[in-house]
Structure formats: C-alpha cells, structure tokens
Amino acid sequence: MHPGFIFLAVIVGSVLFHIFTPWWWTDIASNWGAMDDTINLTFWIGGGVFILVCLFMVYCILKFSYKEGRKVEYKPEDHKLEKILTIATTIGVIALLAPGLIVYNNYINVPKNALHVEVMAWQWGWQYRLPGEDGKLGTAQVIKISDENPFGINLDDPYGKDDILIQSDELHLKTNRPVKILLKSIDVLHNFYVPQFRSKMDAIPGIVTYYWFEPNKVGEYEVLCAEYCGVGHYAMRATVIVDSDENYENWINEQETFSSLIAKQNNKLEITRIAKNNN
Amino acid sequence: MSDEYNKQNTPIEAQSSETMSGSSGSTTDIDYVRPAELPEQDLYHGHSFITKWIFCQDAKVIGIQYFLTAVFTGIVGLILSWLMRLQLGFPDLVPFMTAEHYYQFVTMHGMIMVVYFLTALFLGGFGNYLIPLMVGARDMVFPYVNMVSFWMFFIAVCVLMASFFVPGGPTGAGWTLYPPQAILPGSPGSGMGIVLMLISLSLFVIGFTMGGLNYLITILQARTRGMTLMRMPLTIWGIFTATALAMLAFPALLVSCIMMTLDKLLETSFFMPAIVQAGEVLDYGGGSPVLFQHLFWFFGHPEVYIVALPAFGIVSDLISVHARKNIFGYRMMVWAIVGIGALSFFVWAHHMYVSGMNPWFGFFFATTTLIIAVPTALKVYNWIITLFRANIRMNTVMLFCLGFIVTFVNGGITGIFLGNVAVDIPLSDTYFVIAHFHMVMGIAPLMVIMGAVYHWFPLVTGRMLSEKLGKWHFWFTFLGAYSIYFPMHYLGFIGVPRRYFEMYDSPYVTSATGMNEFITVAALIVGASQFIFIYNIVTSLRLGKPAGKNPWKANSLEWLTSEVPPVHGNFGEKLPVVHRWPYDFNVPGAKEDYITQTTPPSEVINAEVEKT
Amino acid sequence: MSDNTLNNLPDGFKGMSHDMSSDQTAFKGVQWGKVMMWIFLLSDTFIFSCFLISYMKGRASTVVDWPNTSQVFSLHVGDVPVPLLLIAIMTFVLITSSGTMALAVKFGYEKNRKMCAWLILATAIGGLTFVGMQAFEWSKLIHEGVRPWENPFGAKQFGSFFFMITGFHGTHVSIGVIFLFIFARKTFRGDFDTGKRGYFTTMKSNYVAIEILGLYWHFVDLVWVFIFAFFYLW
Amino acid sequence: MDETQNKEQANSTHKIGIYLWIWGLLFVLSFFSYMVDWFAFQGLLRWSLILVFMFLKAGLIMAFFMHLFWERYALVNVLLWPMTAIACFIALMAAEAQYTVFTRLLYFFIGG
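Chains as they are written, first to last, in this note's numbering: chain A, 1 to 279; chain B, 1001 to 1612; chain C, 2001 to 2234; chain D, 3001 to 3112.
The hints are simulated quantities; they were obtained by calculation from the structure and are not laboratory data. Incorrect hints may appear among the rest.
FRET-style restraints, in silico, Cβ to Cβ [said to hold, decoys possible]:
| no. | chain 1 | residue 1 | chain 2 | residue 2 | range |
| --- | --- | --- | --- | --- | --- |
| 1 | A | I274 | B | F1164 | 56 to 66 Å |
| 2 | B | P1185 | A | I262 | 24 to 34 Å |
| 3 | A | S146 | B | P1185 | 16 to 26 Å |
| 4 | A | S168 | C | W2138 | 48 to 58 Å |
Mimicking DSBU-like on lysine-lysine, the simulated pairs with C-alpha atoms at most 35 Å apart in a straight line are [what the hints assert, rightly or not]:
| no. | chain 1 | residue 1 | chain 2 | residue 2 |
| --- | --- | --- | --- | --- |
| 5 | C | K2014 | A | K75 |
| 6 | B | K1549 | A | K63 |
| 7 | B | K1611 | C | K2014 |
| 8 | B | K1471 | A | K63 |
| 9 | B | K1264 | A | K144 |
| 10 | B | K1553 | A | K71 |
| 11 | A | K75 | B | K1591 |
| 12 | B | K1611 | A | K83 |
| 13 | C | K2196 | D | K3015 |
| 14 | B | K1468 | A | K75 |
| 15 | A | K67 | B | K1468 |
| 16 | B | K1052 | B | K1574 |
| 17 | C | K2186 | C | K2204 |
| 18 | A | K75 | A | K63 |
| 19 | B | K1471 | A | K75 |
Ideal Cβ positions, reconstructed from N, Cα and C, are used throughout, including at glycine.
The shape of chain A in the complex, shown without the other chains (with noise of 0.2 Å):
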C-alpha cells in the first residue's frame, strides 16, 4: 500500500476521534464561558490548518512519489506566493490573539463586588479565611503561624479580628457573586484548580496572588491541585460548595471568627490555669 493512504488515514482518524470522542469538556460553572469560546476558536482554526496542510502533504506524497524522469519544478523562490502566505497567515494569528487578549484583560481586572476569600495552600491540605463583617481580610504573616493563630493574622490589625477562619477543605461559596481568591502557600508552590470554573492560579509562598471567577452553578466541585509541590501532590484535593444564598447565610453563621477562637483559647488557658492551681 502507498504510505500515503495510511498518512491519509492518520488524519481521517483523528477527525473521527474527534467526532466521537467521550472526553471533552467538563460542564462549565462559572462565567467564563468566554475562555471556552477562544479555546474553540482556536480549535478549529488550528484544526482546519492541520487537516489542510496534511491533506496537502498526502496529496502531494501520492500525486508525486518516485518516477524515474519525472518533470520536476526547479523554482527556488516564489515572492508573491510568500507574501500571500505570511499575510493570511498574520491575520489568522491576529484573529486568535485579540480575542484571548480581550478575555484575559477580564480575567485580570477583578470586579468592584466580588468577595475576597483567602485560600492558604499547604502540603498537603487547603484552608480557608472570609472577611467578616468589616469586608475586609485583615492583614497575616506566615511567621505568625501557630496553633493559636493558624492563619497568622496580625493581632494588631483590627480587620483580622471578626475574620472567618474555616479549618477545613470545604469551602462554600455563593452562586452569581463575583469571588476574588487570594492564594497564599506557607511552603511551596500550590495551584487552586476546579476544572469547571475553568480559572486556576499558583499559591506561591512569599507572595500573594489571585484571581477571580462568578459561580453559577450550585453543586459540588472538587479541587485539585495543579502545580507539583512534592509526593503528597496527587492526594492534595478539597471541595468547593456553590450554594444558593440562603444555604450560604446558614453555613457562613455556623463559622468561628478569629476572635472568638482567641477567645476559646483564653478560655482553655484559663481553665488549664485554674485546673494546675487546684492540684
């Protein structure tokens, strides 16, 4: 059989692995349904440019393979052929940037409204600080970290005081309301990943990053982490809970804010005080 066919059959066959793939997609849960379009723009631009620079190849292979006294072209440079090609092919490249570009420029410009959530990645578990009801996260240190204080939180600042601390890997957030994540590791590279919101960014120790991203979906998510940080890597899951607001309300009154937590310590201190001082 002339190589040919089976190069040809080669490209048939990823059509039809595309057609009748079972992997695509997970449902999407949160607004950025635009990354999904340039990403299919993108598919099948650049698909349509690989069948047809293949069918090309198989074309010729099979048109003009070995004759003995074949005719053949002897045509170094063809300028105008050039240009038409670096032309079309500038626009079509043009064509899949601004598009990106225009989403990305969404993806970094964080909505006025959007709620800030704290995610502390460590290896190899999540948790989680909201802003009480001041809005505002106060400000933490990773030095500061200790049972007492497991966020770190500056004692002095007043916005850390009604923080929300959720020591757990559950998250719950609320559908249709902008979230901005603030991504803080206390030892290596992390990644907050949920495939459905499409978004994800590094947890980088020393620094905080973020990014944000509007669920509409209520349901229940996992999260992955996506950026190697050591052998717990594959283990390093959590879960992400889109309620509707009235579930949200109820969750988020069930949680201890940092002042009470100082509060229950003293309290344990106390107790443990008082308890030596009768023996």
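Based on the hints, put chains B, C and D in the right spot on chain A.
Below, chains B, C and D alone, put in the same frame as chain A:
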C-alpha cells in the same frame, strides 16, 4: 586585490550568458572563487588507540562519542517513561512503585530527554559530525577544546547517573526544579539528589560552552572557499542558530543552578521566602520563587528551540534531497530560523501565565509568542510546497520527514493554544501540556533524528541500513507515538492535572482509565520498537549493503569527501571549492538530476541555475 | 589575502553586509581565538547580567531594609569613617591594571618583548592586589557577622548576593591572574616570537594570544564597573 | 595566519597617546562616580549620575581598550544586539520586583 573583488561581485549569469554566446577565454572567469584567506589548519593526528578513539581531537569521532553517550541516556529516559506509564495505566502493577519513585522518574525522564539526550544529540552529535564536513573545514577550529567539551559532558552524565544511587535517590522536583519544593524535604531526593542534579547541569553548561564556541566559530570563520553564509545547508543554519541560543540561554540556567545550590547548601534565601513546613518555621526569608521561574524559563524557552531548530534544518535538507527538488524559499527558511531564534528570548514567561507573576506580563508574552507562530508556520508551508511537483522517493528517510511534518504541525497548533494566555489558563498544568510538548519537541525532533540516522548512516559507516526494517521501525514509531499523544490532548480537555501519581476516586478521571491503559500499551510498543532500530544499526554495521560514494545523490559537501567514511582532515589533499547552494536538484538543462556544490558553472553551462 | 586587501574592504554597515555575504569568514581578519574570546565574553556577560538582574529583583522586592552600603563598606582612617574607601582603591587598582594590559597588547604587536612582558607582570600584580583587598573586605564583613545566610544590618539577601557576586567576579580575576603570570613567563621566554607549540593544545603561540588575554582582563574590569555602580553605589 | 596578523598589527598599534588618554579619563570618571556617593546625592540625580558614569566607563573600556571601536561592524553588531534580550529581561524583572513588593506590603503589613 580590489579588482579581484569586482570580479567576485560581478553577477555570474551575466558572464555565463557571455560564455554561451561563444567567448571561450572566459570559462575560467565564471569559475572564479576568491583565494583562501587563511592558511591550512594545523591538525593533531592521533597515533595510539587512546588518542585516536578516546581522547580524540577529530570532530567526527567526538560527534560519535556524543551520539552514543546521548543515546545511552536516552535509553535510560525511555525505560523511566515505561515505568511511569505502567503506573498510570495499570496502578499497582509495578511492585516497587511508590509516589516518591514516580516523581523521581518523571523528573529524571524530563531532564534526561531535554538536556542530556536531545540537546547533546543534535548539537554535540550531529553538530560535531556535520559542521566541519558541511562547511568544508578540516576539523573544528579548536579540536582540543572540543575534546574537553565531550569529556565534560561525559562527567556530567556520570554525575547525573550517580544521583540514582545516593541516599534518598535522584531529585523528584519535576524537571523544572522549581523551588521551594526542589530543596525541601516534602519532595523526594531533596538531599543529595538535587545537589548532584545541579552540579551535573552546571558541568553540562561548562562543557557545552566549550563545544558551542567551536561550532559557532567553525561556521563563522572557517568555511571553505566559495561557501557564503547563504550557501550553507539549512542543517548548518539550524545548528548554528541553536548553538547561538544555547550560548546565551545556558548562562541563565547556570546562574539559577548556582543560586539554588547555595540555597540548599548554605541556606541563603535567593529563592526562599519565609516558610513554615510541618509546623516549623524554617530559616529562610525574603526570597522569591518566581525569580527562579523567570531565570529558568529565560533558559528554558530558548532551550525548546535549541532542540527544534536543528530539527528544522536537518529535515529541510532531508526533504530536499529525497524529494529531488530544491527547498522552497531558502532565504525565507534562513530568516525564519534566525527570527525564531531571536524572538525566543522574548517569550519565556508564556510558561508562567498561572505562576503568579505580575499579571500584566500576560499581554506582552501572549503577543510575542503568537508572533513566533508566523515564521514557524512559514517553515511548515515551505516544507510542503517543496513536496509539490517534486519527485519523491518514498524511502525510510522521507517517511520520517513526513512523520515529522504531521507531528510538528499538530504540536505547533496546540502550541498556539498554550501561547495565547486566556486559552492557556484552563489548559496549563494539565495533560494537554504534556501532549503538546511531547508532540512538538519530543516526537517531532525524534522523527528527524531517526530520519537523519537513516540518511547519514551510509556516510558514517559506509554501509546502508536495512530499508525493510527501517519501514517497520517507522510505522511502529510514528503510529504508536501519534496514538499516545493525540488522545492525550483530550485528557487535558477534561482537566486532568499533570504529575499525578494516581487519580484514584476523582470524578473526572474515572472516564479516562481506559485511555490511560491504551496509552500505556502504545508507549510500551513504541519503546520496544526502538529495539528494531538498534538491531538494524548493529547488524548493518557489518552486514549492510556497502554504500559507495554519495548513495543518495546529494549535493552538499559531506558526501564529496575523498574517502567514505571520511578520515581525519575530511577532504584529502585539497579543500573543496563551492560554487552554488546545496539544493540544485532537477535543474532544467542539466544532464543529471543533481548538481553538487563543488561543480563549477563551466561544467553545467546549459543548466538554468538561479544565482545563490 | 594580503594586508592591503583588508584595508580595501568597505567599512561601517556596508562592510557588515559585505562581510556577511562573503565566503570563508564572517569577520574579516579576526582570528579564531579572538572571535572565540569575544563570544565567550558575550556568554559570560549573560551570566553576570543574570546575577545582577537577580540581585535587582531580590533587593527591590525585599520588605526588610537594605543596609546602607556607604556605611557598611566604610573604612576608618584614624577615627574618621571614610565611605567606600577600600572599594574606591580597588576600583583604581583594577583600572590601573586594565591600562597596563592595554599597553602590553600594544607593545606585543610591536614585538617589543621586554616591555610587553613587564607590563603583563604589572597587570598580574595589580590583579593580585585586587584579589588581596577583596579577601580583606570579605574577612572584614565576616568579622562583623555578615554571612551568606544572615546579615546583622538588615535584609538577609545582602550577604548572599554580596558573597556570590563578588565571589564570582573574584574567581574571574583569580583565573585571569593565573593566566597573566603564565603569559608573562611565556613572553619573557620568547614563546610568542618563536611560535612555540602549546603544552596541551599543540597549537603555535602567537602574539594575538596576548590580545585575547587582554580582552578577558578588560572584561573583568568592565564587570567591576557594573558591580561598583549597582552594588556599592545604589 | 601571518597576513591576518599584519592586519592586527595595523589595528592595534595605535599611538600610545590614545591609551593614556582613555586611561586618564577612566580614572577621572571613577573619581566622579565615587564623588556621587561622597556628596550623598539622592533620588533621580544619584541614579542618573551613577548610570551616566557607568556607561561612559564601560563604553570607553569596550571601545578602546578592547578595540571594539576599530573592529569590523559585523563583529560589533553580533556582540551588541543580544543585549536587547538582557534589556528586556531587566525591564520586566524591575516590573516584577515592584509587583512583588506591592503584594507583600499590601497583604502582610498594610492591609485594608
């Protein structure tokens, strides 16, 4: 001499039309080439076995030494990839496989394949063998330094392999070696393993610098008479530009290696901010892990082109020779290689869109990255236009070239996904990335390497490789590799993250189990089929059909040596004199379907050759 | 190609396009060794640039105060602290040695063996003085408690970058000094006049080698200009 | 290689005066840049002076001591163009450092 200059600058066609009209005295004029600028090179000829084959200063022997060492590391890398694939496809099958081992294998596989296999093979192996032959030099310009370069590389490989046997094993930080995890106890091999890796990389850089200086200066300053830059085969252009990139990119790697070694051994805080690990505050503070990523990718992105550009160059030559047609748009090919090379220093942070760097960089790097797509696409067009109205020999070499085009176009287009920042965000750190870069800088360059081996084996050994085995080898490799990496993109679409030891009960990935098993089986077959290749090489060394001179009827200088295989000094008594580019195939009016570079115009008077 | 020819070549950008489109060599009349040294220095420039860029990034992004270099590197004359005194002297020593090297190259090409050799020796001694003062500087800082991993005056990175960058530069100077001494001996012996073959490389000696060594030495000086500006004056 | 060596000779045997001049200038410029610290200039003035003296010194060393002024343009261009990559790297890392210090101050110390 000034009038000699005028002669040289006179267009050759003008004179040849004159000669055709009958003035007999000017035949010598159209063959005029400027006299030699430099005296003959002073060569050291080895006498004993040691100086001839071990501490040898002949670039061809050094090239073979590089080739064999690189292939050895490549086989180690291949075996590691088998073990990884077995774990992913059939967890619990390999009894000793723990997460630690898995990550160590991932890391070593990546580093070996990118640096110690592909870079060393293309530049050290093909570069050393082909550069002096193709530009018409007796040897590299600094043979002694060239020899030291290989032995540096050899020591680097030894140090790398030694890291498998130190306590804690080799580093398991991922081939990017990102701090802080690379040097903290949470990753495997964060003790001696990472230190040896960094030392080995530094040695590699030092050794490579020595070799790289040789390649550059041989190409720039030691070409033979008549060999202008625009008459060099594209192979040389690819290797030249890649070497230039390496000379400017490896410094960033060296610097990051030195700084990380200090972070590890002296507890400096270049890349290490304040860290609390396992409830303990570590003695670091104020450093920046993102700085490492910038340095690493300032090296890492040119590194991608260090692997790709020689492949581009070599494949252009192979296609032209075996399609019996000149390469289309030679000038554009050259400028595309140079342009891609230059641009590759301005795109590095497209590997870092989700790394937490300054978010505004995304705009800059997405733009520069997509600009690179233009010259790359032009190269692809030129390859396939070369095939148009050609006379294509469907032999193993050509098959590998076609395999290269398919895989490269596929991988190049997925590159546009990942270069465009908004598209990259959902896809980065997933299997899509793995599929992309294996397609574009794993399989595609490998196709070229194998094609190049089938092409130049007759030159190196004087015997042909078996075509029959070659074709089996090609189809197993190409179809197998394509069916590994094409479906793998779809794992990335689902969102399966890379570097996962196992997926266990994740809801996304249960649907991918079947595909993982399929990919693993394909990977095992592709790997095993490489032994056909090795068998072919070993048997053909002694039993292959004798090749004779210039079996492919190629034009470039390496086939025009006085002896095949070429001996030390390459060209016998006199160096060749070059009159044309190496792509004069099927020139109208010429008797044969090829005109070698050394054929003077007076011998092919009727050929309507374009001036080069 | 005769001497005459080279002078007939076009100059400037015209010359560039001429050289690039001609055969055999891309840089007309430039020896292999000299091109090698230039390209090596280009590569080395990238190394030092990466060091200095890292330093800039590290220093500009630390929230702990950077020590005042003017005070840290001051030297007491009597009881008066003079800022950066030692560094100023080191700079002058290095520039002096750079000048003697430039003259050595000149006299080398004029085949003035004695003069050339003495100037190389002077350069070597200048370099040695520089390394000695750097050693003094290091010991002073270490004495005051600065270490690669800690710094009593402020940001941790100060010590790390100081020892790493000056150490790397000092290594370059030391290697240069070793080669300068070797070359001084070779010149006194007349190797460059007789074209004696090298011990390792078996290649003939040539006065061009002195210019090549000179390039390296001037580069070391050049790097110090940048270190002086960015590390000490910032 | 004799002929090319002659060329070198033509190139490198410039009058000794040039070297002495440049040498002197380098001392003067070094003195000036030392004075920048001595008089403790601050802010933009300090930076511009430091950079001006630095580039002048570097330029003189490269142009005359390293003979780049007399080299062929082909070599000069090959050596200087790669510096654009470094310039780009510097500019971006300066921006990166600003961003790093900004997030550190905002989230670790100042807040709000």
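We went through each hint and held it up to the structure:
1. A:I274 / B:F1164: 56 to 66 Å: The hinted range 56 to 66 Å holds for I274 (chain A) and F1164 (chain B), with Cβ atoms some 59 Å apart.
2. B:P1185 / A:I262: 24 to 34 Å: At roughly 32 Å between Cβ atoms, I262 (chain A) and P1185 (chain B) fall inside 24 to 34 Å, so the hint holds.
3. A:S146 / B:P1185: 16 to 26 Å: Given a distance of about 21 Å, which is inside 16 to 26 Å, the answer is holds.
4. A:S168 / C:W2138: 48 to 58 Å: 52 Å, holds
5. C:K2014 / A:K75: 30 Å, holds
6. B:K1549 / A:K63: 30 Å, holds
7. B:K1611 / C:K2014: 21 Å, holds
8. B:K1471 / A:K63: 20 Å, holds
9. B:K1264 / A:K144: Distance ~24 Å between K1264 (chain B) and K144 (chain A) Cα, so the pair holds.
10. B:K1553 / A:K71: 17 Å, holds
11. A:K75 / B:K1591: 18 Å, holds
12. B:K1611 / A:K83: It holds: about 21 Å lies between the C-alpha atoms, which stays within 35 Å.
13. C:K2196 / D:K3015: Holds, because 29 Å separates the two Cα atoms, which is no more than 35 Å.
14. B:K1468 / A:K75: 33 Å, holds
15. A:K67 / B:K1468: Distance of about 20 Å is within 35 Å: holds.
16. B:K1052 / B:K1574: 23 Å, holds
17. C:K2186 / C:K2204: Roughly 12 Å between the alpha carbons, so the hint for K2186 (chain C) and K2204 (chain C) holds.
18. A:K75 / A:K63: Within the cut-off at roughly 18 Å; holds.
19. B:K1471 / A:K75: The hint holds at about 31 Å.
Going through the hint list in order, the structure satisfies each hint without exception.
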